[in-house]
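Student: Sequence:
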Amino acid sequence: MPNQSDYPDQSQEPTRTDEAPPFGRSWRILYAVVLLNLAVLVVLFYIFTRAFA
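Each residue of the sequence shown is one higher than the one before, counting from 8 in this note's numbering.
None of these hints come from the bench; they were simulated from the model. We put the beta carbon where it would ideally sit given N, CA and C, even for glycine. Treat each hint with caution, since some may be false.
Claimed, not checked - Derived Cβ-Cβ restraints for the label pairs, each shown as a range:
#, residue 1, residue 2, range
1, T22, T56, 24 to 34 Å
2, L51, G31, 16 to 26 Å
3, F52, G31, 23 to 33 Å
4, T24, R57, 35 to 45 Å
5, W34, F55, 40 to 50 Å
6, A27, A60, 36 to 46 Å
7, A27, V47, 23 to 33 Å
8, R57, D25, 40 to 50 Å
The task is simple: from the sequences and hints, build the whole structure.
Tutor: See below:
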């Protein structure tokens with residue numbers, strides 16, 4: 008049977024999972040910027056591939 012010391016201390020403040028990202032206003036904006044960056048890179052690499060083929 009588990010004793011009290013087997014459980015984590017309940018007096019600790021729970022960790023926050025809804026913290027703001029390191030920069031930007033929200034995670035949604037940060038993810039949109041990352042996906043937009045990926046799309047721009049794909050298009051640029053496609054253009055470079057066609058231009059220098």
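Student: Are the hints correct? Go through all of them and say.
Tutor: Evaluated hints:
Judged by the Cβ atoms, the range 24 to 34 Å given for T22 and T56 is violated: they are separated by roughly 45 Å. Between L51 and G31 the C-beta distance comes to about 23 Å, which sits within the given range of 16 to 26 Å. With their beta carbons about 25 Å apart, F52 and G31 fall inside the hinted range of 23 to 33 Å. Checked against the hint of 35 to 45 Å, the pair T24 and R57 passes, with Cβ atoms roughly 44 Å apart.
With their beta carbons about 31 Å apart, W34 and F55 fall outside the hinted range of 40 to 50 Å. Between A27 and A60, the C-beta spacing of about 44 Å keeps the proposed range 36 to 46 Å intact. A27 and V47 have their C-beta atoms about 25 Å apart, which keeps the hinted 23 to 33 Å range intact. Separation of R57 from D25 is about 44 Å and conforms to the stated range, judged on CB atoms against 40 to 50 Å.
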